[in-house]
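Enquirer: Going down the list, the sequences are from chains A and B. Here the numbering used here is used: position 13 in the first sequence is 13, and no number is missing along the way. Here the numbering used here is used: position 331 in the second sequence is 331, and no number is missing along the way.
Keep in mind the hints are simulated off the structure, nothing from the lab.
Selected chain A positions facing chain B (in silico; Cβ < 8 Å):
1) PRO7
2) SER9
3) SER145
4) GLY148
5) VAL166
With the Cβ distance kept under 7 Å, some of the chain B side facing chain A (calculated, not the full set):
6) ASP41
7) ASN57
8) GLU71
9) ALA76
Residues of chain B placed beyond 10 Å of chain A at every Cβ, according to the derived structure:
10) VAL94
11) ILE118
12) ASN127
13) GLU243
14) ALA318
15) TRP319
16) ASP393
17) GLN395
18) ASP416
All C-beta atoms in this analysis are idealised placements derived from N, C-alpha and C, irrespective of residue type, glycine included.
Each chain is listed here by its residues.
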Amino acid sequence: MNHDAYPDSYIRGILNTVKTIAMVGISPKDNRPSYFAFKYLMERGYRMIPVNPGQAGKTILGQKVYARLSDIPEPVDMVDIFRATEHVPPVVKEAIALQPKPNVIWMQLMVRNDEAAKLAEDAGLKVVMNRCPKIEYGRLSSEISWMGVNSRTLSSKRAQNLGSGVQRMRLGPSENDKP
Amino acid sequence: MADADRIPGFDTLAVHAGAKPDPTTGARATPIYQTTSFVFDDVDHAAALFGLQTFGNIYTRIGNPTCAVLEERVAALEGGTAGLAIASGHAAQVVVMHALMTPGDELVASKKLYGGSINQFNHSYKNFGWNVVWADPDDLASFEKAVTPKTKCIFIESIANPGGIIVDIEAISKIARKAGVPLIVDNTLATPYLCKPIDYGADIIVHSLTKFLGGHGNSIGGLIVDGGTFNWSRDKKYPMLSEPRPEYQGIILHETFGNFAFAIACRVLGLRDLGPALSPFNAFLILTGVETLPLRMQRHCDNTLAVAKWLSKRPEVAWVSYAGLPGDKYHSLAKKYVPKGAGAVLTFGLKGGYDAGVELVSNVRLFSHLANIGDTRSLIIHPASTTHRQLSDAQKIQAGAGPDVVRLSVGIEDKDDIIADLEQGLKAK
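In isolation and in its complexed conformation, chain B is listed as follows:
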């Protein structure tokens, strides 16, 4: 580069960050290092690697060069200091909490979250003695009220799934700062193309790569980004980072690794001991997806806004929830946090209720009826008859999955074809 200190733009990072030509073969595309283990350069090198004294590869459960490219890529896109690839978004959350929480500790979480996360926090975490306290992103004071001396972190989604809710990240980050705890943001629906929560005070980012970052509906994956912003040693509340680790001859991770110590803690303690490593093959597929993230995400958003506008004029439709629509409750927050587009997931209500929802998902021909989001293909689901089927009607409504609700994840096909499919689906009897 003419100017070695030039700071590259987002689209350049999406293609290049973390992926120099392979140092041994010169391969330009990132190779799939489909291997469990790596030979050591010599005995000293092996000892230094196991002692965390040098940087390198040992065993794919702890690190893999293909996964490492993905880690650096997403960390760069988010503006963080380091990343860690995990087998799924759900597992990424467990690894993050494992580094922060001890039995009896609490996490404060937004109650507007992906249903799977609500389940994980409410039920699975109980077995670890981690207790969730719910707060409402529409009532910021509820976050402050939820904080106790046992609170170890605050967890929110930037764009909440599925309701099209935009969360005021900056306001909640101030509450986290005052409480002396890190703010964790699940940035899956926004992706760093639409929103970079670290710029608004987030300390840790988690992703389900399965969705828009991978973007092609072919691989499950998760990722943790260390924002490098939190002082883990200040209050000695996070012993995994601030105290000597018996697993590593008494090393103190924060003083050794500085502003990427959290990512290292997640790797050398959480990932090593819990084991949810991402397959290098999945990392390769997801990386290929990330290269086109800016192009895809803009198209997703443009298509979604067109669909939302069209739906809001239909006689069969009672309401549309999409923060990109002027007049939507979250439109002003959307203008601040996601000015390029409010994502590609929207919900709407059918006047015909439960039966109309079942009919629509049966009638569509381009939309796929399935329980994922963030695919190149347009996806549709009727939560009341599928993902939220086991809940009572009252619980369904509280979860934003009332009998009339349909959720779309709008793909990157021609928007006229997407709209035509919905039109025939609504009309067909």
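Same shape as in the complex, but just chain A:
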């Protein structure tokens, strides 16, 4: 995978396949990007699991916090890493060792560790770096267009509402998905 420019189909494929996401490094503070992203993805129907050793045993947004990935008592499809670049490799190694293995390693905006990415890809996992799943979901569902952001998508099909209300959008399997 070329980690400088991901095709939309790659990102859309990941966001449409994964159901359970473990977020490593989530903050309990409601003004931090990790908290925003966790809440946003939870609202869009993902099962979100917080991982933060300092918060272990507490809850964030009603979800029980685990100290490490290996403590999670259920399979995880994607590991979303909210840690500085240098702290990524041990998280990736721990993720690869999980049984069953997750399908995706996602490193947040401004986090990119090519060495760790290679480890994960060699183990058969998909990798996304220096992106935010909340922004990518908003971009590919057209919701981010409310903010004048260049979604880099064109379509003659309507964007789809999430189900409740009119401003929140749902991500379909492809641009041409019928409601």
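Starting from the structure of chain A, add chain B where the hints point.
Expert: Coordinates of chain B only, in the frame set by chain A:
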């Protein structure tokens, strides 16, 4: 699309970018959301919107779905990450500076700018404590010399108004990079059809949509495009982007919004607090104009080159300044930056001086005598007797508005009719 990852061309983006069918009604043309406010889906949604935790509409001063289509459209055409529509080009500049500058800071600006911008920088900005340092685009070293530790940005026009000057964007972007400050380019006269400054290292684009992007002389509007290229957190020089914002519970905009954080800062701090929102109705009119930008702009340029060639052979005309003319001082820069055409604004000098200028603007019948550019209609002005009237003769000459100077904005009418009108205007006594 057969290939979901296909990258669309410029003309396709001009028609489609940002404008999917309306999600609730299926309306295919972009609806005019003529409303001040938007109901929230629920209480949580409202809280998330106010906290910048989700994307959506609150109040038209901060964002509006019609304006958002225009924002995404122009951002896509410029190759930027996000756009922000503003009530006018002038207000767009203030909103950009508000996000970058604090009292005592400096901006380095090209002295070849639209006269209104020169006024704004010289006088209005003083009240904010923002100090302009002028540099000369014909002398690149002057930009380097103008940079000080207080410099927060460099500001240029891609094609300068009115002199037909093409600015070496790439060279100045290197100076900006070395200084660790963003390069802002006013791309109004070129439009992204002729030149995409982000490709040459610009970080922020500002537009007066009033001109060629809207193109029909019916709406005032402005727009900011975030190039997504500048690292706002590196030197901590831009606290609006790199520091926790007390207005939003301590959110840090750059780490939260990444490569479109500048556009968000302009929206949620500048536009929200200063208030120059674009009317959705104007956004609709301008959007309709943008759809035909590639067709109009090429016709504008073709007509202008024909007019420039014709004028340069006239006995009444002393000189013509148009970078599209071979032999013009800026022709080689034009070939690099605006190969499809050097825009539709040109100036020329009349041997008969001030009186000949006054006579020509009085005699024309197709050209409209007014102080705008970038209309489908051909426009003419004699700056010495109008826009620059209050300046001394020496100041007029320095501003490129000497007594003999006439400025044209060439429209998209038949070029033979445009030339015939100038011919009768020059001959009539």
